[in-house]
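6 protein chains.
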Amino acid sequence: MKRSNGRKEDELRQLFLGPGFVKNALGSCFVKFGDTHVVCTATLDEKVPPFLRNTGSGWITAEYGMLPCSSSERIEREAVKGKQSGRTQEIQRLIGRALRTAVDLRLLGERQIKIDCDVIQADGGTRTASITGGYVALAQAVQQLLRRRRLDCNPIVRQIAAISCGIVDGAALLDLDYAEDSNADVDANFVMDSDLNIVEIQMTAEKNPFSKASLDKLLAFAEKGIKEIATAQQSLNLIGAK
Amino acid sequence: MKRSNGRKEDELRQLFLGPGFVKNALGSCFVKFGDTHVVCTATLDEKVPPFLRNTGSGWITAEYGMLPCSSSERIEREAVKGKQSGRTQEIQRLIGRALRTAVDLRLLGERQIKIDCDVIQADGGTRTASITGGYVALAQAVQQLLRRRRLDCNPIVRQIAAISCGIVDGAALLDLDYAEDSNADVDANFVMDSDLNIVEIQMTAEKNPFSKASLDKLLAFAEKGIKEIATAQQSLNLIGAK
Amino acid sequence: MKRSNGRKEDELRQLFLGPGFVKNALGSCFVKFGDTHVVCTATLDEKVPPFLRNTGSGWITAEYGMLPCSSSERIEREAVKGKQSGRTQEIQRLIGRALRTAVDLRLLGERQIKIDCDVIQADGGTRTASITGGYVALAQAVQQLLRRRRLDCNPIVRQIAAISCGIVDGAALLDLDYAEDSNADVDANFVMDSDLNIVEIQMTAEKNPFSKASLDKLLAFAEKGIKEIATAQQSLNLIGAK
Amino acid sequence: MKRSNGRKEDELRQLFLGPGFVKNALGSCFVKFGDTHVVCTATLDEKVPPFLRNTGSGWITAEYGMLPCSSSERIEREAVKGKQSGRTQEIQRLIGRALRTAVDLRLLGERQIKIDCDVIQADGGTRTASITGGYVALAQAVQQLLRRRRLDCNPIVRQIAAISCGIVDGAALLDLDYAEDSNADVDANFVMDSDLNIVEIQMTAEKNPFSKASLDKLLAFAEKGIKEIATAQQSLNLIGAK
Amino acid sequence: MKRSNGRKEDELRQLFLGPGFVKNALGSCFVKFGDTHVVCTATLDEKVPPFLRNTGSGWITAEYGMLPCSSSERIEREAVKGKQSGRTQEIQRLIGRALRTAVDLRLLGERQIKIDCDVIQADGGTRTASITGGYVALAQAVQQLLRRRRLDCNPIVRQIAAISCGIVDGAALLDLDYAEDSNADVDANFVMDSDLNIVEIQMTAEKNPFSKASLDKLLAFAEKGIKEIATAQQSLNLIGAK
Amino acid sequence: MKRSNGRKEDELRQLFLGPGFVKNALGSCFVKFGDTHVVCTATLDEKVPPFLRNTGSGWITAEYGMLPCSSSERIEREAVKGKQSGRTQEIQRLIGRALRTAVDLRLLGERQIKIDCDVIQADGGTRTASITGGYVALAQAVQQLLRRRRLDCNPIVRQIAAISCGIVDGAALLDLDYAEDSNADVDANFVMDSDLNIVEIQMTAEKNPFSKASLDKLLAFAEKGIKEIATAQQSLNLIGAK
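Top to bottom, those sequences are chains B, U, Y, R, F and W.
Residue numbers are given in our numbering: position 60 of the first sequence equals residue 131, and the series is strictly consecutive.
Residue numbers are given in our numbering: position 167 of the second sequence equals residue 238, and the series is strictly consecutive.
Residue numbers are given in our numbering: position 96 of the third sequence equals residue 167, and the series is strictly consecutive.
Residue numbers are given in our numbering: position 201 of the fourth sequence equals residue 272, and the series is strictly consecutive.
Residue numbers are given in our numbering: position 199 of the fifth sequence equals residue 270, and the series is strictly consecutive.
Residue numbers are given in our numbering: position 145 of the sixth sequence equals residue 216, and the series is strictly consecutive.
There could be a bad hint or two in this list.
As the list makes no split between identical chains, a pair holds if one copy fits it or if it spans any two.
Unchecked claim - Subject to a maximum C-alpha distance of 20 Å in a straight line, what follows is the list of computed DMTMM-like cross-link-like pairs (lysine to aspartate or glutamate): (1) K278 x E181; (2) K288 x D256; (3) K278 x D175; (4) K94 x E144; (5) K283 x D266; (6) K283 x E147; (7) K278 x D266; (8) K298 x D240; (9) K73 x D256; (10) K283 x E294; (11) K94 x E147; (12) K288 x D175; (13) K118 x E144; (14) K283 x D258; (15) K283 x E181.
Don't read these hints as lab results, they were simulated from the structure.
These numbers were taken from a predicted model, which means no experiment stands behind them.
With the sequences and hints as input, model every part of the structure.
Laid out in structure tokens, this is it:
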């Protein structure tokens with residue numbers, strides 16, 4: 072299978088990270104992986120969820136949404152349907168879980184940072200783009216809180232990025248676009264830190280079960296991709312992990 | 072009251088109209104009035120609402136939403152709350168009503184165009200920006216349908232734009248930003264066509280009732296603003312009104 | 072176009088204001104404009120919405136509903152559908168906004184008056200009838216609170232009434248019934264105080280845009296109607312505006 | 072216990088049945104049992120529920136609601152809460168069940184009559200008042216359908232009425248008002264036809280269990296009440312049971 | 072009509088009461104009436120509903136549900152539909168009401184016991200089985216609370232059981248299964264204490280109204296059934312009524 | 072860390088598979104992994120989701136729920152909350168995805184099998200128990216359809232089972248119970264077929280990121296567990312994979 076734009080099998084799409092896209096948010100990032108465009112923002116909430124009250128510990132949570140026209144078939148607005156789909160909830164739970172590992176929640180103190188990821192245009196890999204851009208929004212928000220002396224020390228302990236891989240027509244591919252994703256035999260999402268330790272793996276056989284060899288191959292591709300994404304994040308000169 | 076950036080009382084904020092912002096939509100426009108930024112898209116739906124079935128007539132409808140971080144206080148996501156607020160519904164009903172007057176619904180045929188207006192950043196005047204940008208997305212969509220021969224003739228009969236005005240500290244002002252809007256005695260929204268015929272007036276006393284003289288003053292300001300916005304819309308060289 | 076019952080173009084329908092219709096409410100009014108019948112009630116709630124807590128200021132809010140059989144086509148019960156329609160919310164927001172201008176909210180103190188407007192029979196103009204009757208229920212409730220010494224001084228600062236006008240078959244008409252409203256080119260609702268200062272204008276082109284001359288003509292008709300309605304309200308000998 | 076207005080233990084409150092109260096409904100009745108006031112309406116729906124399609128059989132269903140100010144404590148609007156309470160659903164299921172026994176559903180043909188019962192003022196016994204008034208609205212609707220030749224023959228086979236009884240401070244009482252109902256040891260609702268056959272009994276110990284003797288005593292009171300109510304229904308000269 | 076398994080008209084189905092079925096609950100009972108199987112559990116909640124706060128009085132409440140496959144036609148999951156049906160709410164209100172009469176709520180203290188009744192398999196009589204098994208779960212929970220010294224004295228004042236009866240093809244029957252229930256002319260549910268005092272009667276004509284003689288006959292059958300069920304409950308050697 | 076009951080690190084809990092537990096379902100299985108008890112059922116629906124209509128292809132879908140008292144803290148009923156939680160939806164999407172790989176959907180024909188998994192008692196691993204028991208219910212349902220000649224040939228192409236693993240206090244463990252799961256550093260769920268090909272991996276760092284070595288270790292444990300579970304499934308003598 073020929074990839075569009077002559078991409079190689081282990082090549083990322085064009086990556087763009089635009090911090091500060093939304094002026095009203097504490098931190099924000101407009102992230103593009105090719106034609107997948109996501110607005111990520113970070114806001115502070117001085118309240119934590121009930122289970123953390125009076126524990127001294129903070130929380131990171133995420134919400135995810137797609138604009139109705141982000142997809143080639145218009146998606147019905149979840150505010151109109153009256154509820155978030157299972158897919159939406161699954162994705163926002165993943166984003167929150169991934170970004171919580173970036174932070175020492177006790178150093179954050181009893182406050183919450185909310186990461187909103189809104190997809191403007193979707194062409195595959197929106198959940199991994201959201202984690203990658205969400206990390207940037209989070210780092211920018213923490214930087215602001217340190218500047219404004221709302222935080223005394225940097226609670227970020229780990230730099231987080233994510234990428235999708237898959238097997239399409241028998242070939243392992245890095246960073247699937249929508250056309251590739253729709254034809255994938257195996258679909259995998261990897262979240263890692265910048266030292267390539269694993270934070271989360273989700274790997275699913277879309278048609279036939281797969282072997283351990285396929286798992287190893289995709290993991291190697293993911294490591295290559297994460298390394299490049301982490302470098303791009305670092306080049307923004309935001310606050311780094313302690 | 073001094074306006075920010077030294078704006079004059081009857082001066083619009085910097086206006087930007089970016090058609091084609093979202094590649095998956097039939098028509099789209101990224102509209103900015105100063106720091107108010109809205110993504111407007113238009114999609115085709117071959118089904119019409121039940122009351123129009125077998126009438127030969129089409130429909131234009133609109134949906135409106137604000138990203139959680141578009142405002143300086145994070146707004147809870149309506150998909151999470153499980154319903155659209157009264158304000159949201161009021162605004163999207165206004166947008167739909169306004170844009171329906173742009174089109175001869177019989178020439179459109181038994182199909183529906185949906186206009187989605189999603190606010191990325193809010194600084195006052197999001198509903199009038201949505202109408203102004205929604206018209207551009209609509210015109211681009213119609214242009215596409217004509218090119219693809221899905222439509223035989225242009226159903227657009229009128230070019231539509233909208234602007235807000237208000238009375239703040241006794242002074243009439245054109246195109247209020249959020250700070251001005253929050254202090255307004257009178258708040259007005261005007262929808263007009265490019266010949267300055269009136270499509271809709273919504274005018275509300277926020278504190279004290281107002282006189283007919285105030286109404287006349289604000290209407291004159293609105294006419295000036297609409298004229299300039301209509302010129303900007305025309306400069307995009309999209310299909311015009313028949 | 073001949074109006075039913077030989078009404079003149081600037082003539083109101085038969086108006087009836089029956090205060091005290093519901094014994095359990097603090098204030099109430101059964102209002103009839105011809106065949107449009109609305110039960111308006113006012114209740115006291117010692118709690119204010121969150122944004123007013125500890126401000127010393129009170130609030131007036133309104134809710135609106137239509138009985139399923141109030142219309143000639145049975146309307147599905149909103150309690151069954153599980154949500155209020157956009158139209159319902161738009162109307163109740165209008166009623167609340169209009170009646171808040173009747174009251175000095177600081178004199179009311181940190182309490183809330185809720186106005187419920189339930190349409191028993193609908194024949195056009197239910198929102199303006201609700202404002203007119205809601206004002207009577209509000210005034211009766213305030214009178215009760217003064218009698219029971221729950222209030223020290225009268226917080227009503229303005230007497231409020233409302234009426235619809237429109238252009239049908241080229242002719243300006245006052246107080247449209249349902250048949251007229253369905254055929255209107257322009258549909259307008261005016262809220263004013265008894266001195267004919269304007270509280271709110273909502274004016275919409277249903278078919279073609281309209282001129283400033285039409286606006287002026289309908290405003291003049293509205294002033295005539297409001298004057299007569301205000302006189303009827305005064306004849307009830309409820310507490311007046313300070 | 073002294074009853075208000077010197078009522079005897081087996082005496083009904085003042086009963087008023089006003090058919091034709093709502094002009095837009097096919098049938099309607101404003102029913103008053105003392106200070107309990109309910110608007111009952113009947114509408115025709117040419118569709119039946121899915122389980123009856125193509126069976127040739129019709130259906131009677133009921134909906135029940137209370138206006139927010141019908142009670143001395145304002146009741147939150149179910150349209151705002153987004154759902155009908157368990158109590159509401161229980162009551163409307165009872166009303167529908169009771170009125171279905173009045174009709175030969177096969178003679179009605181494959182169509183549905185919806186009975187709406189909306190409580191304007193509540194002082195105990197709203198469900199039995201709804202059944203009593205709902206029967207009148209139903210009979211008037213059937214009379215209209217026969218006149219308009221939408222029905223060929225009268226499907227009403229039985230005249231239905233309902234009344235509440237209870238034991239308060241050891242004494243059996245007919246037709247409890249709210250104060251009595253709140254203090255009742257036993258609360259019972261009886262639906263019967265005009266020949267005093269039983270359609271439904273609901274009898275509940277609010278405090279202590281009761282004996283068969285209490286059941287017999289209340290049933291005798293109910294028979295007296297139903298007889299009087301049935302006579303009042305007959306005096307309206309609507310269509311009777313076949 | 073021949074009953075399945077050669078049951079006599081006044082014979083119960085095989086009854087099984089299995090206390091302690093769910094290890095995580097304070098009290099539990101797996102109850103079977105023939106092929107009707109229900110899991111009943113009791114949990115303690117230290118909070119009471121708002122209307123009981125600071126009264127010193129406790130509360131018993133119940134919730135009811137059917138597993139989707141409990142019925143021969145799969146029932147849509149209420150969690151998916153987004154609301155409990157009217158039938159579900161009616162049943163759980165009945166269970167709660169019945170079990171509250173078993174307890175002196177003041178002796179319970181300001182705490183709440185929640186009874187959950189989940190139907191694993193349905194073959195008629197699920198609501199009466201729920202009351203019967205719910206009483207066992209309640210008694211076991213109270214026994215636990217006494218053992219753990221969370222309660223000082225036994226608040227159970229009455230032993231409660233329930234059974235359905237009906238008239239099918241002219242014959243009175245005890246403990247209807249689903250096939251019988253579907254053909255019943257009269258359907259009745261009786262809740263009684265172990266001394267055969269009546270707690271609740273719900274008796275409904277499914278087709279034709281019935282006479283007082285039928286009521287008396289079914290009541291006698293119910294007394295026989297309740298006596299046997301109460302004996303089975305007592306044989307479990309749980310805490311008894313004071 | 073000592074495991075309860077002296078379990079070894081790579082030892083499963085006591086496994087019980089009880090097919091035919093619910094008589095009304097086409098297929099069913101009561102599955103126990105130690106104190107985790109789940110009722111799994113399979114029903115046939117002759118309708119497929121819209122996207123499959125007229126494709127000749129069938130579908131397998133799953134729904135998941137927990138009884139309120141299945142957990143040591145009572146869980147609020149989702150039917151009462153009005154929606155399924157994100158966790159519930161995530162789990163039921165996983166179950167459906169896993170069981171779809173067991174079946175050739177074209178051989179199933181245009182019909183749907185619904186798998187319901189209801190947790191009676193929860194002690195860790197409910198989602199993997201649901202997949203394991205859901206497969207049994209599915210196989211039993213297919214066997215029934217073949218017997219009743221509703222299916223011509225066996226559409227099952229693969230035998231599916233699932234198990235959880237994790238790292239607790241530095242040690243890899245198979246089949247975590249709730250106490251272990253709550254303390255896990257890494258939590259993983261594996262779905263495989265009986266040939267140990269991988270269907271899905273979900274692996275999450277709960278505290279610190281993990282290495283590839285950990286992944287490999289847990290995968291080896293999972294293979295051991297799946298082998299034993301698959302043997303237990305085979306011993307039921309249901310229809311096997313083609």
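Hints versus structure:
no. : hint        : verdict
1   : K278 x E181 : between (45 Å within a copy, 18 Å between copies)
2   : K288 x D256 : within (14 Å within a copy, 25 Å between copies)
3   : K278 x D175 : between (39 Å within a copy, 10 Å between copies)
4   : K94 x E144  : between (30 Å within a copy, 12 Å between copies)
5   : K283 x D266 : between (23 Å within a copy, 12 Å between copies)
6   : K283 x E147 : neither (39 Å within a copy, 39 Å between copies)
7   : K278 x D266 : between (32 Å within a copy, 16 Å between copies)
8   : K298 x D240 : neither (26 Å within a copy, 29 Å between copies)
9   : K73 x D256  : within (16 Å within a copy, 41 Å between copies)
10  : K283 x E294 : both (17 Å within a copy, 11 Å between copies)
11  : K94 x E147  : between (28 Å within a copy, 18 Å between copies)
12  : K288 x D175 : neither (32 Å within a copy, 27 Å between copies)
13  : K118 x E144 : between (38 Å within a copy, 14 Å between copies)
14  : K283 x D258 : both (14 Å within a copy, 19 Å between copies)
15  : K283 x E181 : neither (42 Å within a copy, 34 Å between copies)
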